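Asks: Residue numbers (the numbering used here), protein chains in the order written: chain A, 1 to 279; chain E, 280 to 685; chain L, 686 to 982.
In short, the hints are calculated from the structure, not lab data. Errors might be hidden in some of the hints.
Below, simulated EDC-like cross-link-like pairs (lysine to aspartate or glutamate); rule was C-alpha separation at most 16 Å, straight line [as the list claims (entries may be wrong)]: (1) K375/E - D351/E; (2) K430/E - D643/E; (3) K388/E - E765/L; (4) K430/E - E645/E; (5) K684/E - E765/L; (6) K432/E - E645/E; (7) K375/E - E339/E; (8) K626/E - E458/E; (9) K684/E - D522/E; (10) K591/E - D46/A; (11) K388/E - E143/A; (12) K328/E - D417/E; (13) K569/E - D643/E; (14) K567/E - E834/L; (15) K569/E - E748/L; (16) K567/E - D46/A; (17) K525/E - E765/L; (18) K388/E - E748/L; (19) K684/E - D438/E; (20) K328/E - D438/E; (21) K591/E - D326/E; (22) K430/E - E593/E; (23) K576/E - D465/E; (24) K525/E - D472/E; (25) K525/E - D473/E; (26) K388/E - E593/E; (27) K567/E - E458/E.
Residues from chain A shown here face chain E by an in silico Cβ test under 10 Å; the list is partial [claimed, not checked]: (28) D46; (29) G69; (30) T134; (31) F144; (32) A227; (33) S228.
Please read all numbers here as calculations on a predicted model, not as lab measurements. Ideal placement from N, C-alpha and C gives every residue a C-beta, glycine not left out.
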Amino acid sequence: MGNESEGRPVILSRGARTALAAVMALGLAFVYVPLLVVLISSFNTDRTFGWPPSGFTVDWWQRAWHNEGAREALLTSVKAGLGATAIALVLGSMAAFAVARYQFFGREVVSILVVLPIALPGIVTGIALSNAITTSLEPLGVEFGLFTVIVGHATFCVVLVFNNVLARLRRTGGSLEEASMDLGAGVFTTFRHVTFPAVRSALVAGALLAFALSFDEIIVTTFTAGASVQTLPLWIFSNLARPNQAPIVNVVAAVLILLSVVPVWLSQRISSDTAGGRL
Amino acid sequence: MTRTKLLAITAAALIALTACGDDGGDDASADGGDTGTSTDQGFTPPDLKALDKLGEPEGEVNIVAWAGYVEDGSTDPAVDWVTPFEEETGCQVNVKTAPTSDDMVNLMKTGQYDVVSASGDASLRLIASGDVEPVNTDLVPNYADVFEALKMKPWNSVDGVAYGIPHGRGANLLMYNTEVVSPAPDSWSAVFDDASANSGKVTAYDSPIYIADAAVYLMATQPDLGIENPYALDDEQFQAAVDLLKEQNAHIGEYWSDYTKEIQAFKNGDSVVGTTWQIIVNLAQADKAKVDAVLPKEGATGWSDTWMVATKSEHKTCAYKWMDHIISPTANAQVAEWFGEAPSNSKSCAETADAKHCETFHADDEAYFDQVWYWTTPISQCLDGRTDVQCKDYGDWTTAWQEIKG
Amino acid sequence: MSQRDTRQPSPARRLSGVLHRHPVLRLTLLLAAPMLVLVVIYLGALAVLLVSAFWTTDDFTGEIVHEATFDNFRSIVTTEVYRTVTLRSIGVAAVVTLICAVVAFPMALFMAKVASPRSRRVLVVLLLTPLWASYLVKAYAWRAMLAGEGVVNWALAPFGLAGPGFGLTATVIVLTYLWLPFMVLPVYAGLERLPDTMLEASSDLGAKAGRTIRSVVVPLAFPAVVAGAIFTFSLSLGDYIAVQIVGGKSQLIGNLIQGNAGAANNLPLAAALAAVPILIMVVFLLGVRRTGALDNL
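Whole structure, please, built from the sequences with the hints as guidance.
Replies: What follows is the structure, encoded as C-alpha cells:
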C-alpha cells in the first residue's frame with residue numbers, strides 16, 4: 001500500500017518524515033549560520049567581528065582583491081593540493097585494486113595502514129613527519145618546502161581515494177574483467193576499456209575529497225612547511241591575528257565557499273551514484 | 280580476541296614498569312661550572328666567532344621578532360620602517376612574529392632564520408645552544424650611540440664577548456577596563472588576591488615566564504619568603520608562586536599570547552584586567568576600547584631585548600645591516616613609540632614624535648629599571664647569588680606552568 | 686580457416702602476458718608503491734618519533750640528550766595534570782562523537798530515504814560545500830559568535846539567557862560543527878545501501894516508523910556510524926587549534942603535545958604524550974574492525 005510519489009514507495013509515516021525534514025532543516029541552518037556570519041563580517045566596517053555589524057563597506061573586498069600574499073598562498077595551496085591528490089590517486093587506487101581483487105595474507109593490515117594517517121591526530125602526524133625530516137632527511141638534502149607539504153598531505157589523502165575505489169570495485173565485481181581477458185584482451189587493454197570506466201567516477205569523488213582535505217589542512221602543514229612555504233590556511237592563520245588583515249581573511253573565506261560550489265556540483269553530476277563519495 | 284588482550288596486557292605492563300622504579304632525577308646538565316672557562320651565567324658557550332667583515336648584501340633577511348618590532352605598513356600604512364631599509368640595502372625582509380620567547384628559541388633552532396629579537400629569557404638559551412653567535416659591534420656603526428647601561432649586560436654578553444645589539448626595554452603593565460574596574464587599580468592584587476572581583480574575565484600572559492610575575496607580587500606581599508630575585512626561586516618560594524597562580528587560574532577567562540586576541544578580548548569585554556604591553560593598550564584605545572594601563576606599585580617584570588645573529592645564517596650581511604638600521608636614531612625612535620618602550624639609541628630621544636617619549640618611558644632612568652625585572656631564563660644556579668640552595672630551572676617552570684593551566 | 690598470426694607480440698602484450706600469468710607479481714607491483722610510502726615514510730616517521738620519547742631534553746640549551754630512559758612515560762603516568770588532560774580530551778572527543786552521531790543520523794536518514802533523488806543531490810552539495818570553508822575561519826567565526834558581544838548572546842538576550850562563552854562547552858560545540866559532515870556522509874552512504882524493501886517489510890509487519898528505525902535501520906546502519914565515529918573521534922582527540930580559539934583557558938592533550946613539541950622545546954615529552962592518542966586510536970581501530978566499520982568508510 002502507500003501511494004507512490006516520484007517513483008518511490010512511501011516507507012515511513014508522514015510524522016516521521018516531517019520530523020526528519022525538520023531535523024534536516026535545523027542541521028543545515030546550524031551549518032550555514034556561521035558561514036553567513038563570515039560573509040556579513042566581510043562587509044563589516046568594524047575590524048574585530050563585533051556584532052551587530054557597525055557599518056557596511058566593500059573596502060575589505062577591494063583590499064583582498066589586491067592582496068598579493070593571499071593570491072600567492074592560494075596558488076601554493078592549489079599546487080600542494082594537486083600534487084597530493086595526484087599521489088593519492090595513484091597510490092590509493094593501486095592499494096584498492098590489491099585489496100579488492102586479491103586474497104593475501106595481511107589484507108586487513110593494509111586497510112588499517114591506509115586509514116592510520118587520517119585516524120591518528122594531525123598533530124601526531126605533524127610532529128612525526130617534522131621530526132623525521134629534521135633528523136633523517138635533511139642530512140640527505142631534503143628540505144622543508146612544497147615537496148614535504150605534498151608528501152605530508154598525500155599520507156592522509158590516500159585513504160580517501162582508497163575507500164572510494166575499493167567500494168566501487170567491490171560493487172562491480174571482477175567478472176567483467178575476467179570476461180574481457182577471456183576474450184583475449186591483455187591486462188592493460190582490460191584496464192583501459194573495462195576497469196577504468198567503471199571506477200572513473202569513484203576516482204573523481206576521491207580526488208575531490210582529497211583535494212578539499214589538502215586544501216584546508218593546517219595542522220600537518222604547519223609542521224611540514226618550513227619558513228618559505230605558505231599555503232592558504234597558513235596565510236589565514238597568520239593574518240587572522242593581525243587586526244588590519246583579519247577582515248580580508250573573511251573575504252577570502254567567503255570567496256572560497258562561493259567558488260567551491262562549482263566543483264562539488266560537478267562531481268555530483270559526474271558520479272553515477274548519488275552518495276557523496278566515501279570519506 | 281587474543282590479540283587485543285595481548286595488547287592490553289602489554290600496555291598495562293609498560294605502564295606499571297614506568298610508574299615504578301626509582302626517580303632517575305633530572306640532572307641539571309646545563310652547568311659547565313667545573314670545566315675551564317665557566318661564566319657566572321652558569322654555562323659555557325660554544326666556541327664561535329663573530330663575523331669579520333661585511334660582504335655584499337645577500338638580497339634577503341629572515342627575521343624572528345616580537346609583533347610590532349618589524350612593521351612594513353601592513354598593520355598601519357603610516358607605520359613602516361622596513362620599506363626604507365629594503366630600498367636602501369636591497370635586503371628583502373621576511374618576518375615571522377612569535378608570541379613568546381619559547382617560540383622564538385624554537386624557531387631559531389630550525390636554522391631557517393637570520394636574526395632574532397631575543398628577550399633575556401631567550402638570549403642565554405640561544406647562546407648556550409650555539410644557535411646564535413657573537414656579534415662584532417664594530418660592524419654596527421650605530422652601536423656607539425646605545426645607552427651604556429644596556430651594553431655588555433649578563434643577558435646579551437658572556438665573558439666580555441658581545442652577543443647582540445640592544446633594541447630597547449620596557450615593563451609589563453596592568454591593563455584594565457576603565458568602566459568595569461574602578462577605582463583604577465594600582466597593585467597586582469587586581470589579578471591575584473582580588474581577582475575574584477572579576478572572576479572569569481581575568482587574563483594573563485601564556486608563558487611559564489609569568490611565574491616571575493607571581494614572584495614579584497610575593498616579594499611585596501610575603502616578604503618572609505625572602506625572594507630577592509623573581510627568577511631565583513628555591514623549592515619553597517617556587518611552590519608559593521605556583522600556588523598563587525593556581526588560585527588565580529580559577530578566575531582566568533583565557534590566557535593570551537597573541538596580542539590581537541587580547542585586544543579583541545578587552546574590546547568585547549571578555550577580559551577586563553590583566554598583564555599587557557603598551558602597544559596593546561595603544562591599539563585597543565585606537566579601536567575605541569575603554570582601557571588604560573598602569574605600572575603597579577610592586578614593580579613588574581619586563582624585557583630588555585637584543586638583536587642576535589643566527590650561527591647558521593646565510594644572510595649575515597643583511598642581518599648586520601638590519602641591526603644597524605633598527606637601532607639607528609630614526610627607526611629606533613619609531614619602533615619605540617609604536618611598541619611603547621624605551622629606545623636603546625640615546626640619539627633617538629630627539630627624534631620621537633612625542634618629545635617626552637624618552638622621559639615617559641624612563642629611557643635613561645636606571646633607578647626606574649631597577650624595579651623592572653627583565654625576563655631572564657631561570658637556572659638551577661640561583662641568580663641572586665645564593666649557593667646554599669638549588670633554584671628551579673626553566674624546565675621546572677615549564678612543567679609547573681602546564682600544571683597551573685590544568 | 687584463418688592464418689596463424691605469426692607476428693611477434695608487442696612488448697606491451699608480452700608484459701601483459703607475464704603479468705597475467707603471475708598474479709603474485711601483479712599484486713606486488715600494485716602494493717609496492719603504496720606500502721613504500723605508508724610503511725617507510727609514515728610508519729618510519731612514527732617509529733622515529735616514538736623512539737625519541739625515550740630521550741630527554743637538556744633544560745637550558747634545549748638539545749636532546751640521547752640517553753634511553755623511561756622518565757617521560759613515568760611523568761605522564763604519575764603527574765596529575767597529564768592524566769586529567771588525557772581524560773578530558775577523551776571525554777570531549779566522546780561527547781562530540783555522540784552529538785555528531787545523534788544529529789547526523791536523522792539528517793542522513795532524511796537524505797537517503799525521504800528526499801527525492803534530485804534534492805538528494807542538492808543536499809549532498811549543500812553539505813559538502815562548507816568543507817571548503819577554511820577550518821580556521823569557521824572557528825574564528827564561532828569565536829566571534831560566542832564572544833561577549835557576539836551573535837549568540839545577542840540572540841539569547843531577549844530570553845534572559847546567556848551563551849556559554851568560551852570554554853569546554855564552546856569547544857564541544859565548535860568541534861561538533863566542524864566534523865558534522867564527516868559523520869553525515871558515511872552514515873548517508875551506509876543508509877543508501879539499505880534496501881527500501883527492508884523498511885517496507887518492516888512496516889508491512891506492522892511496525893510504526895519509530896520502531897522500524899530503532900529495530901531495523903539503526904542496527905544495519907551501525908557500522909556506518911562507527912565509520913563516521915572514527916573520524917570525529919580522532920579529529921577531536923588531537924585538535925588543539927579550536928580549543929585555543931574558543932576554549933578559554935582549557936587545555937586538551939593536543940595543546941600539551943603542541944606546546945611541548947614547540948614552545949617548550951621538549952620533543953621527547955611531546956612524543957611520549959603523542960603515544961597516548963596513538964594508543965587510544967589503535968585500540969579503537971582494532972576494536973571497530975569487528976563491527977565492519979572499516980568497510981563503510
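Asks: Can you give the numbers of the hints that this structure goes against, from lowest to highest?
Replies: 3, 8, 10, 13, 15, 19, 22
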